[in-house]
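Engineer: Chain order of the listed sequences is A and B. Every letter in the first sequence is one number past the one before it in the working numbering, and letter 324, counting from 1, is 306. Every letter in the second sequence is one number past the one before it in the working numbering, and letter 222, counting from 1, is 204.
Some hints could be false.
Quick partial rundown of chain A residues pointing at chain B, CB under 8 Å, derived from the structure [as the list claims (entries may be wrong)]:
#: 1; residue: A90
#: 2; residue: V107
#: 3; residue: I108
#: 4; residue: G216
#: 5; residue: D217
#: 6; residue: N297
#: 7; residue: T301
#: 8; residue: G305
#: 9; residue: G311
#: 10; residue: C315
#: 11; residue: G318
#: 12; residue: G346
#: 13; residue: Q362
#: 14; residue: L385
Sample of chain B residues facing chain A (criterion: CB under 10 Å; computed from the structure) [said to hold, decoys possible]:
#: 15; residue: A72
#: 16; residue: D217
#: 17; residue: T301
#: 18; residue: N309
#: 19; residue: Y319
#: 20; residue: P326
Hint data in this document are derived by calculation from the structure and do not stem from the laboratory. By construction, the Cβ of each residue, glycine as well, lies at the ideal position given by its N, Cα and C atoms.
There are 2 protein chains.
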Amino acid sequence: MPVKERMKEMEIIKGGVTAAKGFQAAAAAAGIKYEGRTDMAIVYSKKPCKTAGTFTSNVVKAAPVKWDRAKVESGVKSQAVIINSGIANACTGPEGYDVCRKTAKKAAEVLKIDKDAVLVGSTGVIGMQIPMEKLKAGIEKLAENLGEDAEHGNQAAKAIMTTDTVEKEAAACIEIGGKKVTIGGMAKGSGMIHPNMCTMLAFVTTDAVISKKALRRALHSDVQDTFNMISVDGDTSTNDTLLLLANGMAGNEKIRYGTPEYEQFLEALHYVNETLAKKMAGDGEGATALFEAKIVGAGTKEQAKKLAKSIICSNLTKTAVAGHDANWGRILCAMGYSGAKFDPEKVDLYLESRAGKIKLVQDGTALDYSEEKATEILSQPEVTATADIKEGTEKAAAWGCDLTHGYIDINADYRS
Amino acid sequence: MPVKERMKEMEIIKGGVTAAKGFQAAAAAAGIKYEGRTDMAIVYSKKPCKTAGTFTSNVVKAAPVKWDRAKVESGVKSQAVIINSGIANACTGPEGYDVCRKTAKKAAEVLKIDKDAVLVGSTGVIGMQIPMEKLKAGIEKLAENLGEDAEHGNQAAKAIMTTDTVEKEAAACIEIGGKKVTIGGMAKGSGMIHPNMCTMLAFVTTDAVISKKALRRALHSDVQDTFNMISVDGDTSTNDTLLLLANGMAGNEKIRYGTPEYEQFLEALHYVNETLAKKMAGDGEGATALFEAKIVGAGTKEQAKKLAKSIICSNLTKTAVAGHDANWGRILCAMGYSGAKFDPEKVDLYLESRAGKIKLVQDGTALDYSEEKATEILSQPEVTATADIKEGTEKAAAWGCDLTHGYIDINADYRS
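With these hints in hand, go ahead and build the complete structure from the sequences.
Structural biologist: As structure tokens, then:
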């Protein structure tokens, strides 16, 4: 046996926000906006959690974003997150911030925890005030409904949906020093999705024992390659929030930044984040396909990311995917205005899905490919466009969706 | 009578690219892409013209952009512009550039002018090669059809349309030292419109006698407030070209940079550019409304421009306009991610159209306005949202359009 035991591989498991030890969740129908469905959720930990978070870069920040950021930056441990999916609580002034304070106070009373340990999340209409009595009644129901099985996590994932068509969950576990460490999460889209330093609403939990520095570094570095690489409509929300809660109940030896165990943790976190991010992109408002753009052969990572993101953000590439039309000129055009430098006359371009792979462009000009095959490839639920810019060895991926009539239907009349 | 005679006011006149003295135009059906319609146009001047131009900032530049830019930068005078609206001649490699050379050679022969005096413009599908024989036959027809009346200008404006629903022309005249000086132009949209340092295709002609410096400065400064402030879909084209040709046939005393006459010229040029730009935005693919965003009370012009442009670029504000829904939170959200700093809690927001004007937001939070009135205002063909950010006295405007099912219809199946 070698001196250092071979690390066990990460295992992808079922479940979401309750997958890690000691985490519970619940949903409730509080009638804040929707009737006949749940619209509030809670994530609760039996023990207080070290917490890392990233938040919207939008100048217009919703009250819950201001609240959570202040808590996370203060370093105070958190134990519960109260989420509603009816009203965003953005552009609501001092009254809106007071709603966060009252939410924390009420939840602390009901759950018998410190009020500084309560975080809040909101998504929905901008500009309306949340009816406080409904919210308070919802918090009581959430506390009554708490449970730690996968079903409770799934109910919470459903309750935070707005225009989403499916709930979004992911979980994975690793083994550290003989102890099983689990990471699980849930997220919601599906419009106003163009995260910048964070995402719409995503909540990830872990039972890992991990240093505060390692937890923060892991979240902030991984978000750059996952949530920050998706876009549905180019609109960076006022409410984007990603929280990572670690309650330490796995009992592993503490994970420290820069160690092999940190790399293991990062791999599992990356899986959960990337999976949630891709689910969000693929379930973009009105979407019929997940559209992935890959850049390979780049000189720098930054260049590859700019080019990939520009492709999946273009309304014209997105409508071409919706129409199953291999209009590759639009992809080159979007690369061209990305702000990244490259030589258009060196670009090779491929389209790929489970229906096959074809090369459309060689050195910047069209090949004599089969339009029929291209259309077949583009008719699948997951489509990848890969551009090789032949400058180096760096690469990046970004995820978006097609732009369809469904997006117009949803957004021309979302409020009413 | 005062020492300096009072300047006569600018007069808005009918007409387009043939409004100025000595300019002729024509259209021809060359069958390059479309059947049963004209798809080529020419703008011709009896005398060689000083020429200024601005071109796309996209890294992927169409062959005609490369051709025209080289000519304009060399300072050589131009006398004809040959335009086709079937194939963009972008991503076509050396063969594509050779098409420009052959176009110039053919036009020079037919028109008996210097081949260095021929500029070219293309718009349409990216990646296909232009059938040279059809193009040559088209050039012959164009030369035969030349005429200098408004009808010929109008035919040219129609021939350069792709997904445009109406032709776009504007003209104005001023008087300088007793001589009438005219500026007229034509432009086409209506998708892949998000100009950066220029616009899609626009051709402006003037008979002014003007120094080369004044001509260039006028174009480059005015384009920042006109064509660069519109967007249809956020996609900066590979072909964006704006040319300004001055043949000097008005016989006025030469206009020099920085003089009162220069300001007069700039006023008329601004009218023509702004009118064409707004027509382009209002006729965006699938659009039912011109959507104007105004920022007032800004600290700097740059800040005002960023905020205004972010509003009209947002898919979510655009779908809200399509749905006649006063979802003002999306406007504040778009301002928030524009990259410009401002205090959201100082913002007042107004909606205005010919149906009236209402105030929706005071100091960043909602007023109790009439949703019915807001919907009536938003149901007009021209809608303005004005945000007062109460920091200073600078202001800016930007123009876009609503995002409708029509955009999806057009672009999910544009190529075929």
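Engineer: With reference to the structure, classify each hint as holding or not holding.
Structural biologist: Against the structure, the hints come out as follows:
1. A90: 27 Å, violated
2. V107: Given a least distance of 7 Å, the restraint on V107/A holds.
3. I108: 2 Å, holds
4. G216: 6 Å, holds
5. D217: 5 Å, holds
6. N297: At about 4 Å, which falls below the 8 Å cut-off, the nearest Cβ of chain B leaves the hint on N297/A intact, so it holds.
7. T301: Hint on T301/A: holds, closest Cβ of chain B at ~4 Å, below 8 Å.
8. G305: Holds, because the Cβ-Cβ distance from G305/A to chain B comes to roughly 3 Å (cut-off 8 Å).
9. G311: Status holds, d = 2 Å.
10. C315: Hint on C315/A: holds, closest Cβ of chain B at ~5 Å, below 8 Å.
11. G318: 3 Å, holds
12. G346: OK, holds: G346/A within 8 Å of chain B, min 6 Å.
13. Q362: Status violated, d = 16 Å.
14. L385: Constraint on L385/A satisfied, holds at 7 Å.
15. A72: With a closest approach of 7 Å, the A72/B hint holds.
16. D217: At about 5 Å, which falls below the 10 Å cut-off, the nearest Cβ of chain A leaves the hint on D217/B intact, so it holds.
17. T301: 4 Å, holds
18. N309: Hint on N309/B: holds, closest Cβ of chain A at ~5 Å, below 10 Å.
19. Y319: At 4 Å from the nearest chain A Cβ, Y319/B passes the 10 Å test, so the hint holds.
20. P326: 5 Å, holds
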